[in-house]
Structures are given as C-alpha cells and as structure tokens.
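Chemist: Listed here are the chains, written in short residue letters.
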Amino acid sequence: EAQVTQNPRYLITVTGKKLTVTCSQNMNHEYMSWYRQDPGLGLRQIYYSMNVEVTDKGDVPEGYKVSRKEKRNFPLILESPSPNQTSLYFCASRRIGVEQYFGPGTRLTVT
Amino acid sequence: AQSVTQLDSHVSVSEGTPVLLRCNYSSSYSPSLFWYVQHPNKGLQLLLKYTSAATLVKGINGFEAEFKKSETSFHLTKPSAHMSDAAEYFCVVSDRGWAAGNKLTFGGGTRVLVKP
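Order-wise, the sequence lines are chains Y and C.
For the first sequence, our numbering assigns the number 118 to the last residue and increments by one with no breaks.
For the second sequence, our numbering assigns the number 146 to the last residue and increments by one with no breaks.
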C-alpha cells in the first residue's frame with residue numbers, strides 16, 4: 008500500500024531534550040516536506056526536500072533541522088525543543104505533477 | 031509571493047442543504063489550487079485540484095470547485111451536505127509551477143458542522 012508513515016504518532020517531552028520525528032514514504036517520490044499545523048493558521052511548511060541531499064527552508068524553519076540521506080526518509084530534528092514548538096506535525100511526499108500525500112501526523116507536546 | 035484566505039473559519043449547514051466554502055488567493059504566477067479535507071484526528075486527503083485545465087473541477091464525494099481568475103477565487107461547493115462531510119477543509123495554492131516547485135501555502139481552514 009502506498010503510504011507516508013511517521014513515528015512517533017504522539018510525543019510528550021521537556022524543553023531542551025533533543026528529539027527526532029521520522030518520516031518514510033514507499034512511493035519513490037522526489038519531493039518531501041514537513042509542515043506544522045496550528046489552530047487558525049492552517050499548515051505551514053517547515054522544510055522541504057527536492058531530492059537526496061537537497062533541502063531548503065520553508066516558512067517557519069527556526070528551531071528545526073532536516074536531512075535527506077535516502078530518498079525514502081526525511082527525518083525532522085528538534086535539537087532543543089521549546090514549548091512554542093508544541094504542535095501537530097505532518098510529513099508529505101509527492102512526485103512531479105502528482106498531488107501531495109500526507110502522513111497521519113505527529114502530535115508533539117513540549118513542557 | 032502567494033497567499034490564501036479562507037473567508038469563513040466555521041460554516042454550519044443542515045444535512046441535505048448546499049455547502050459553500052469560500053477561498054481567495056493571491057499568486058504571482060499561474061497558480062495551481064487544491065482543496066484538502068481533514069476529518070477529526072485524521073491526516074489530510076485531497077478533494078480536488080486545479081492545474082490550468084478546465085476551470086470547473088470535480089472532486090471526490092460530490093465536491094466541486096470553480097477557478098475564477100478575474101475574482102482570484104476558488105470556492106468549494108457541494109449540492110447536498112452529508113453528515114460525513116463534517117470536517118476541516120483547507121484551500122491550498124502553489125504558484126511556482128506545479129511541476130517545478132514544492133511550495134504549498136495553506137489557508138487557515140474552514141471547519142464544517144453538519145446538523146441533522
């Protein structure tokens with residue numbers, strides 16, 4: 008089944024404790040993105056990648072890092088999480104000319 | 031730069047009546063436009079997309095949207111609401127060329143309530 012998977016689905020952590028949210032797609036898509044969803048703001052793009060080793064900032068990249076060492080994986084790294092990064096995070100992937108497929112979401116709470 | 035404004039944050043309709051969700055966009059180039067739906071505690075699902083072909087776009091579950099360049103609008107409609115349509119809907123624009131770019135800008139969302 009074609010899908011985008013994210014882990015973990017739920018995470019509660021404390022300020023400053025490094026964490027990684029994994030994202031994987033099995034569709035051989037070139038493009039992958041990370042978004043955060045906050046009430047009333049829709050989804051805002053954090054980072055995106057157009058292929059292996061090619062990444063760029065989205066609208067709200069501060070406090071986040073990404074890497075794209077393999078085509079199927081695009082982890083999101085929070086080196087020192089803060090409470091304002093409490094949000095619902097979505098990973099997405101697509102091929103050129105095809106709509107974006109979204110993962111199920113990761114709900115992160117930083118206390 | 032591109033932006034999207036969803037004119038209603040909440041819409042309440044009775045089952046069996048029409049649904050209208052309004053979306054205005056701003057784009058420097060010829061835009062691609064999308065509507066996504068998000069059911070409670072679920073991910074996002076594509077309802078329909080406009081990518082410079084027919085201006086009236088039909089999607090899944092009886093939804094359709096009309097691209098009006100002169101009004102910079104892409105409103106979503108459905109003739110008869112069903113209880114299962116209760117969800118949040120997002121209008122999305124991409125103006126760096128759908129094939130070339132990956133920049134999507136989301137509207138703030140419209141939450142639809144369907145009353146029996």
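Read the hints as simulated data drawn from the structure, not as lab findings.
Wrong hints could be hidden among the right ones.
[What the hints assert, rightly or not] Calculated cross-link-like contacts (lysine-lysine; reagent style DSS-like; alpha-carbon spacing at most 27 Å): (1) Lys145(C) to Lys78(Y); (2) Lys78(Y) to Lys98(C); (3) Lys24(Y) to Lys72(Y).
[Said to hold, decoys possible] Computed, partial: chain Y to chain C, Cβ under 7 Å: (4) Pro15; (5) Gly49; (6) Leu50; (7) Pro90; (8) Glu106; (9) Phe109; (10) Pro111.
Beta carbons are placed, not taken as given, at the ideal position from N, Cα and C, and that holds for glycine.
Chemist: Failing hints, ascending?
Modeler: Result: hints 1, 2, 4, 7 break, sorted rising.
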